[in-house]
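Chain by chain, the residues:
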Amino acid sequence: MSEQRLPVRIVVNGTEHRVEVPVRRLLSDALRYDIGLTGTHVGCEHGVCGACTVLLDGVPVRSCLLLAVSVDGGSVTTVEGLAGVGGGPHPVQQAFTECHGLQCGFCTPGFLTTVAAYLEENPDPTEDEAREAVAGNLCRCTGYQNIVASVLRAAELQREAGA
Amino acid sequence: MKPSPFTYHRPESLDEALSVLAEVGGDGKVLAGGQSLLPVLSMRLAAPAHLVDVNRLAELAYVRAEPGGVRVGALARHAAVERDEQADVVQPLLRQALRLVAHPTIRNRGTTVGSLAHADPAGEMTAVLAVLGGRVTLVSKAGRREVDAADFFVGPLESAVGAGELAVEAFFPAAPPGSGTAFLEVARRHGDYAVCGVAAVVTPSPESVDVAVGYVSMGPTPAVARLADARPSGPPVDPASWAEAADAAVTGLEPEADIHASADYRLHLARVLTARALAAAWSASAASGTEAA
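Chains as they are written, first to last, in our numbering: chain A, 1 to 163; chain B, 1001 to 1293.
None of these hints come from the bench; they were simulated from the model.
It cannot be assumed that every hint is accurate.
Stated by the list, open to error - Beta-carbon label-pair distances, calculated as ranges: (1) B:His1260 with A:Asp124: 34 to 40 Å; (2) A:Gln145 with B:Glu1256: 35 to 41 Å; (3) B:Pro1206 with A:Ser75: 54 to 60 Å; (4) A:Ser75 with B:Glu1012: 16 to 22 Å; (5) B:Glu1146 with A:Asp57: 29 to 35 Å; (6) B:Arg1188 with A:Val11: 36 to 42 Å; (7) A:Arg159 with B:Gly1178: 51 to 57 Å; (8) A:Thr126 with B:Glu1066: 31 to 37 Å; (9) A:Asp57 with B:Ala1248: 46 to 52 Å; (10) A:Tyr33 with B:Ala1248: 54 to 60 Å; (11) B:Glu1254 with A:Gly84: 55 to 61 Å.
Where is the CB? At the ideal position from N, CA and C, for every residue including glycine.
Start from the sequences, fold in the hints, and give me the full structure.
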């Protein structure tokens, strides 16, 4: 039996991609293998680690828990799409750099997408809220202290930019 | 960690979905949020021949708060139910429990009805439906039926949804006037599966204090204890005053041991969390009573 394949149209970081994928292709794998954007990292592949978090129509989701065919017609933002039009780093990326919010960097794309979306919703989090915001993402290096500091710094940077 | 091959169906209407489900019968599995199903497929704990993706059925993405209760459509994401202000007014237990369902990122995609159909005894919403005495509406080509929570949860990961059926709606009854609710759980990590969880509803009246408690991770299906008159032995805001009621509520619970907790420890948690949840629910009821007066 040959495996069922379907055409999928996804807008990724503002660019439309049309690919034909096996129906069991995970969105995480479609982004990496079919579309060639390897910024989205695949960690646990069962929705625990958060490394593969992308924004689907602006909302953070685990790309390893979605079938690519299921998001046909949708719009995805990956870590590659966070940077501004001018190519400068996103405030969240800037903050992670300044505060040493990463060490090996494997989990970082998931943190960046999660935090970028979170700050849209809550631009002025307390430290407890910042901690809660990243509770669904695992990091084995940092011990999270600098990640929480990065969330707060990113909020500060965004406020400064908006002021 | 990739799903095994399946045939994928993406119906555009409820009618079409029911036709496909009738056709594939027991070989079919419904995909809504997929936050429980995709891990199960990827780990190959399940390998259905047909996957029926209902994400195009936008007409099922509703949360309707009515005086009698909250109706949640099959495609309403946990996040949508959690954020619905009217639903929070009608039945505060929904938001209290949803905040403990996995992480926000999972709640953005996972559906409330889907987690009920998944029937995981560690699922918060199963206990909420059970303690409230809610029901689930199942639709198939053959017709429509409503199943009470007491009959809906058949066993671990087994609900009353039959082959060819789609769970289209869950109904969570409104909080009775003057009642209060609380949801508490203990998990190894915030957002992880609860070692023990407790959903409590306290309804005080001049004659009696009615108490209902639903339990997470304390048996194969969400257990519910109902006490007709569970008066606190002291100040009702103090959990210690509810110790007797908690003892009565946990009688009959037979939790299993696993890698995270022994059966005895689970029972201990259930007793402590029940007393705390009853005190918290009482406080919520007193507050709502003051508001009404």
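A quick look at each hint next to the structure:
Taking 34 to 40 Å as the suggested C-beta distance range, the pair His1260 of chain B and Asp124 of chain A conforms, at roughly 36 Å. About 37 Å separates the C-beta atoms of Gln145 of chain A and Glu1256 of chain B, a value consistent with the hinted range of 35 to 41 Å. Restraint check, Pro1206 of chain B to Ser75 of chain A: a C-beta distance of roughly 57 Å satisfies the suggested window 54 to 60 Å. In this structure the hint that Ser75 of chain A and Glu1012 of chain B lie 16 to 22 Å apart at CB holds, the actual value being about 20 Å.
Taking the beta carbon of each, Glu1146 of chain B and Asp57 of chain A are about 33 Å apart, inside 29 to 35 Å as hinted. At about 39 Å, the beta-carbon gap between Arg1188 of chain B and Val11 of chain A stays in the expected band of 36 to 42 Å. One distance hint, 51 to 57 Å for the beta-carbon pair Arg159 of chain A and Gly1178 of chain B, is violated here, with the actual separation near 44 Å. Roughly 35 Å separates the CB atoms of Thr126 of chain A and Glu1066 of chain B, a value that falls within the hinted 31 to 37 Å.
Taken as a hint, the range 46 to 52 Å holds for the pair Asp57 of chain A and Ala1248 of chain B, whose Cβ atoms sit roughly 48 Å apart. Taking 54 to 60 Å as the suggested C-beta distance range, the pair Tyr33 of chain A and Ala1248 of chain B conforms, at roughly 57 Å. Taking 55 to 61 Å as the suggested C-beta distance range, the pair Glu1254 of chain B and Gly84 of chain A conforms, at roughly 58 Å.
When the structure is compared with the earlier hints, a violation turns up for hint 7 alone.
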